[in-house]
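Asks: Residues per chain, in single letters:
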Amino acid sequence: MEALLFYIFAAMTLSGALLTVTRRNPVHCALALIFSLLGVAGLFLTAAAEFLFAVQILLYVGGVMVLFLFVIFLIHLEEAAKQRQYSRQWPVALAVLAVVAAETLVLLKTGLGSLPPKPLPRLNAQGNTERIGDVLFYQFALPFEAASVLLLVAIVGAVWMTKKREAAE
Amino acid sequence: MDLVAWFWLIPFYPLIGATLIGVLRRGAALIAPLAVGLSFLHSVAVTMAPRPAELNHVIGSWLPGIPFGFHFDSLSAFLCLIVSGVGLLIHLYSLGYMGGQENFTRYFGSLNLFVFFMLLLVLANNLVLLFAGWEGVGLASYLLIGFHFDKSAANKAANKAFLYNRAGDAGFLAGVFILFANYGSVEFSTLNRIEATPGLLAAGLLLAFGASGKSAQLPLFVWLPDAMVGPTPVSALIHAATMVTAGVYLFARLEPLYALIPEAGLVIAVVGAFTAFLGATIASVEFDIKRILAYSTISQLGLMFLACGVGAPGAALFHVATHAFFKALLFLCAGNVIHALKGEQDIRYMGGLQRSMPWTFRLMTIGALGLAGVPGLAGFFSKDEIFAAAAKQPWLLGMGFAVAFMTAGYSSRLIWRVFLGEEQQPGHDPHGWELHALWPLAAGTIAAGYFYPEARHVWWIMAVSTVLAVVGLWWGTRFEVFEPLHTLFKRRWYVDDLYRAVWLHGVGMRGSRSLGNFDANVIAAGPLGLGWAASIASVVVGWFDRFAVDGTARLTAALFQAFSYPVRLLQTGGMLQYALAVLVTLAGFLGFYLLRFGGRP
Amino acid sequence: MTPITTSHYLFVSLALLLIGTAGVLMRRNVIVILMSIELILNAVNINLIAFSKHWGQVIGQVFAIFVITVAVAEAAVGLGVLIALYRNRGTTQADEIRLLKW
Numbered sequence: 001m002e003a004l005l006f007y008i009f010a011a012m013t014l015s016g017a018l019l020t021v022t023r024r025n026p027v028h029c030a031l032a033l034i035f036s037l038l039g040v041a042g043l044f045l046t047a048a049a050e051f052l053f054a055v056q057i058l059l060y061v062g063g064v065m066v067l068f069l070f071v072i073f074l075i076h077l078e079e080a081a082k083q084r085q086y087s088r089q090w091p092v093a094l095a096v097l098a099v100v101a102a103e104t105l106v107l108l109k110t111g112l113g114s115l116p117p118k119p120l121p122r123l124n125a126q127g128n129t130e131r132i133g134d135v136l137f138y139q140f141a142l143p144f145e146a147a148s149v150l151l152l153v154a155i156v157g158a159v160w161m162t163k164k165r166e167a168a169e
Numbered sequence: 170m171d172l173v174a175w176f177w178l179i180p181f182y183p184l185i186g187a188t189l190i191g192v193l194r195r196g197a198a199l200i201a202p203l204a205v206g207l208s209f210l211h212s213v214a215v216t217m218a219p220r221p222a223e224l225n226h227v228i229g230s231w232l233p234g235i236p237f238g239f240h241f242d243s244l245s246a247f248l249c250l251i252v253s254g255v256g257l258l259i260h261l262y263s264l265g266y267m268g269g270q271e272n273f274t275r276y277f278g279s280l281n282l283f284v285f286f287m288l289l290l291v292l293a294n295n296l297v298l299l300f301a302g303w304e305g306v307g308l309a310s311y312l313l314i315g316f317h318f319d320k321s322a323a324n325k326a327a328n329k330a331f332l333y334n335r336a337g338d339a340g341f342l343a344g345v346f347i348l349f350a351n352y353g354s355v356e357f358s359t360l361n362r363i364e365a366t367p368g369l370l371a372a373g374l375l376l377a378f379g380a381s382g383k384s385a386q387l388p389l390f391v392w393l394p395d396a397m398v399g400p401t402p403v404s405a406l407i408h409a410a411t412m413v414t415a416g417v418y419l420f421a422r423l424e425p426l427y428a429l430i431p432e433a434g435l436v437i438a439v440v441g442a443f444t445a446f447l448g449a450t451i452a453s454v455e456f457d458i459k460r461i462l463a464y465s466t467i468s469q470l471g472l473m474f475l476a477c478g479v480g481a482p483g484a485a486l487f488h489v490a491t492h493a494f495f496k497a498l499l500f501l502c503a504g505n506v507i508h509a510l511k512g513e514q515d516i517r518y519m520g521g522l523q524r525s526m527p528w529t530f531r532l533m534t535i536g537a538l539g540l541a542g543v544p545g546l547a548g549f550f551s552k553d554e555i556f557a558a559a560a561k562q563p564w565l566l567g568m569g570f571a572v573a574f575m576t577a578g579y580s581s582r583l584i585w586r587v588f589l590g591e592e593q594q595p596g597h598d599p600h601g602w603e604l605h606a607l608w609p610l611a612a613g614t615i616a617a618g619y620f621y622p623e624a625r626h627v628w629w630i631m632a633v634s635t636v637l638a639v640v641g642l643w644w645g646t647r648f649e650v651f652e653p654l655h656t657l658f659k660r661r662w663y664v665d666d667l668y669r670a671v672w673l674h675g676v677g678m679r680g681s682r683s684l685g686n687f688d689a690n691v692i693a694a695g696p697l698g699l700g701w702a703a704s705i706a707s708v709v710v711g712w713f714d715r716f717a718v719d720g721t722a723r724l725t726a727a728l729f730q731a732f733s734y735p736v737r738l739l740q741t742g743g744m745l746q747y748a749l750a751v752l753v754t755l756a757g758f759l760g761f762y763l764l765r766f767g768g769r770p
Numbered sequence: 771m772t773p774i775t776t777s778h779y780l781f782v783s784l785a786l787l788l789i790g791t792a793g794v795l796m797r798r799n800v801i802v803i804l805m806s807i808e809l810i811l812n813a814v815n816i817n818l819i820a821f822s823k824h825w826g827q828v829i830g831q832v833f834a835i836f837v838i839t840v841a842v843a844e845a846a847v848g849l850g851v852l853i854a855l856y857r858n859r860g861t862t863q864a865d866e867i868r869l870l871k872w
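Chains as they are written, first to last, in my numbering: chain A, 1 to 169; chain B, 170 to 770; chain C, 771 to 872.
Just so you know, the hints here were simulated from the structure itself, not pulled from any lab data.
All values derive from a computational prediction rather than experimental measurement.
Be aware that a few hints might be false.
Taking lysine to any residue and the SDA-like style, the derived pairs with C-alpha atoms no more than 20 Å apart in a straight line are [stated by the list, open to error]:
#  : chain 1 : residue 1 : chain 2 : residue 2
1  : A       : Lys163    : C       : Glu844
2  : B       : Lys511    : B       : Ala371
3  : A       : Lys109    : C       : Ile774
4  : A       : Lys109    : A       : Gly127
5  : B       : Lys320    : B       : Gly191
6  : A       : Lys109    : B       : Leu759
7  : A       : Lys164    : C       : His824
8  : A       : Lys163    : C       : Ile853
9  : A       : Lys109    : B       : Phe761
10 : A       : Lys109    : B       : Gly760
11 : A       : Lys109    : C       : Ile853
12 : B       : Lys511    : B       : Glu591
13 : A       : Lys163    : C       : Val837
Extracted from the complex, chain A is given alone in its bound form (with noise of 0.2 Å):
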């Protein structure tokens, strides 16, 4: 049973991947992007990160997606649509990427007899979301501090960038 969700959700994730990057029209790799984000999410619910699920669908779906989109409606792509989408340097890319791929594999296949075989153990003696939140506040209270510092100056900096300059100044 879970074996099948892995799969199905390995699945949505992949496959909306490759919409993503083969997509003319943005919106469509907008939403395309969005299903693979879902089978994330998947991902996450079957590995016991439940919090991580839901905050995957809050955020992530829910706030980065809906940026995207607001982005691309701003933005006027009907002439982008209309150009060539691949740069001049993708069989040099998908080269590259091969050989990487090739070597991560080999690493992984290595490197993978290293890992203790067992079994995966059930995670949840407490709750999950307890959990993370006895490790985030605890251990980790200053980068949480820091993480949210960051987000005060991407707001603060996205706003100012976007805002329109006057014509005196």
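Guided by the hints, dock chains B and C onto chain A, whose structure is given.
Replies: Same frame as chain A, now just chains B and C:
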């Protein structure tokens, strides 16, 4: 002050005069004649005073072996009196003749300078100091011939005179060098007591060559006729009475030396005879009044050289004196005629001036008769002395007689044409100095003949010359020289043309051209070759510089460019390319890690 | 079926990573590039979660939270940059923007 002991001051009065004129630039009319007058008076005083046979005074040593010394004996006295006396008269004449000219300050300065040099020449006690005077009179002659230097004819004539004199002077100096080398001294006192050596003949001939330049003999006479473009008093003084007699003086001074080399004497006599003949022929066909007199001078000088050559310098000197009187008289009268006719010098345009210029007519006739050798006048006696001396060589005597005949001929021709016949232009007699300076000359022409102490009076010669004179005088009034001879004489026996061809075109132009070629090709070949080598070298160096040096620089630059090219390619500025670069780097790291560690952690 | 092991997740993560990288490198449209970056970040998250599950620890998930946070910030700022760039250059094609080269 003992004028006799201070005799050597005689040349210096006109030198001071010339200096004063040069410095003050005014008062020349007073200073110049005064200076010469002082010289004359001093000469008279020393001559008349009781004195030893020879006076010597040495101021100092000029060069090693050559003193700056003066000498006075009866020969010196004779010349001094003539030079200063005639010089004084001509200075006085010039006061009138040159009175209206501008620049007569320069004229009198040069004239005084001339007298100084001539007196220096005469009073020198050695050949080198004599040569200094010799050169000096040549310089003064140049200055005075070229006095009207705005006329190109004057400049050319001055140059010609100076150059021909110079040619003679080269010979003169060569002679002096030989004498000095052989005898160790140039003083007359020594040279007149020597014994003959092989070089003596050469030296004597060379000195004679120099004299022929100064005294206008063959082959160097051609300058004298052209010198007539100078002012007439100059012609009278320098080219009749004094400078041209310097050669005769030289022979007279060195008589003992020449006595040792009779072959030289023969050469001198022959040259003199031929020159006399040639001069007389040309004078017979000339129409310019001054040129007639110039060729006459050449001819008479030839007679003097003849006398020196046959060993009778005394006769030559006698003729110097008489000639000075009548030739100066003739020149100055000619000057008066020219002035009266406002510059006309061609006798074909003169005539009948007897009426309008009676005194000039009389004076000039006296001079002409003196020249012709009419018995009683001075010229007759002096010429006869020369003939008497030449009698030993019959053919020389014959030539002398021919010359006498022609002399009478051209003299009467001159008088006939100028004063007799139809009057073409009226003249007027001169007054003032231009007239009164002439009386002493006329007196001398008449009387001087009686004062020669060693007169020989060979009767048959006197008879022959009288006949020749009379016939010649008659001939001159009647006939002109007939045709083919006329052309020959007119062209001055083609001597001028010969010189022009040989020296001007031949040596001068061809010579200088070939020298120029030699210089340009052979001598310049060195520097030219160097220059050529330098330019080749510079080409090589340039090539080296361009290829090697620049090449290194360019090679370095190219290397840099080549090596940086791939790197440059990476820096496209495109994000995607940079992202790809990151990925490539990742692939590289992974690969390295794999190869190194085989994937084991 | 084979039991799902960690390596399955890792393969998925790798595949997603490769696809995302391909998108970054090959697409000209900047929006799509930004989306591909999100894919990469998600691949990383999957990896983290997989190992978190493997070791039985929760730190991996906490780290994944931070990754998401950063991804969000980055997406916001990146889209702001895109808008500014579009306003200045008038284009949204990556290879027409060569500001990095002088």
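Asks: Determine for every hint whether it applies to the structure shown.
Replies: Hint check:
1. A/Lys163 with C/Glu844: holds, 18 Å
2. B/Lys511 with B/Ala371: violated, 50 Å
3. A/Lys109 with C/Ile774: holds, 16 Å
4. A/Lys109 with A/Gly127: violated, 34 Å
5. B/Lys320 with B/Gly191: Given pair B/Lys320, B/Gly191 is violated - Cα atoms ~23 Å apart, limit 20 Å.
6. A/Lys109 with B/Leu759: Holds - the C-alpha atoms of B/Leu759 and A/Lys109 are around 14 Å apart, at most 20 Å.
7. A/Lys164 with C/His824: violated, 49 Å
8. A/Lys163 with C/Ile853: holds, 10 Å
9. A/Lys109 with B/Phe761: holds, 17 Å
10. A/Lys109 with B/Gly760: Given pair A/Lys109, B/Gly760 holds - Cα atoms ~14 Å apart, limit 20 Å.
11. A/Lys109 with C/Ile853: violated, 43 Å
12. B/Lys511 with B/Glu591: Given that 20 Å is the threshold and the Cα spacing comes to 18 Å, the pair holds.
13. A/Lys163 with C/Val837: violated, 27 Å
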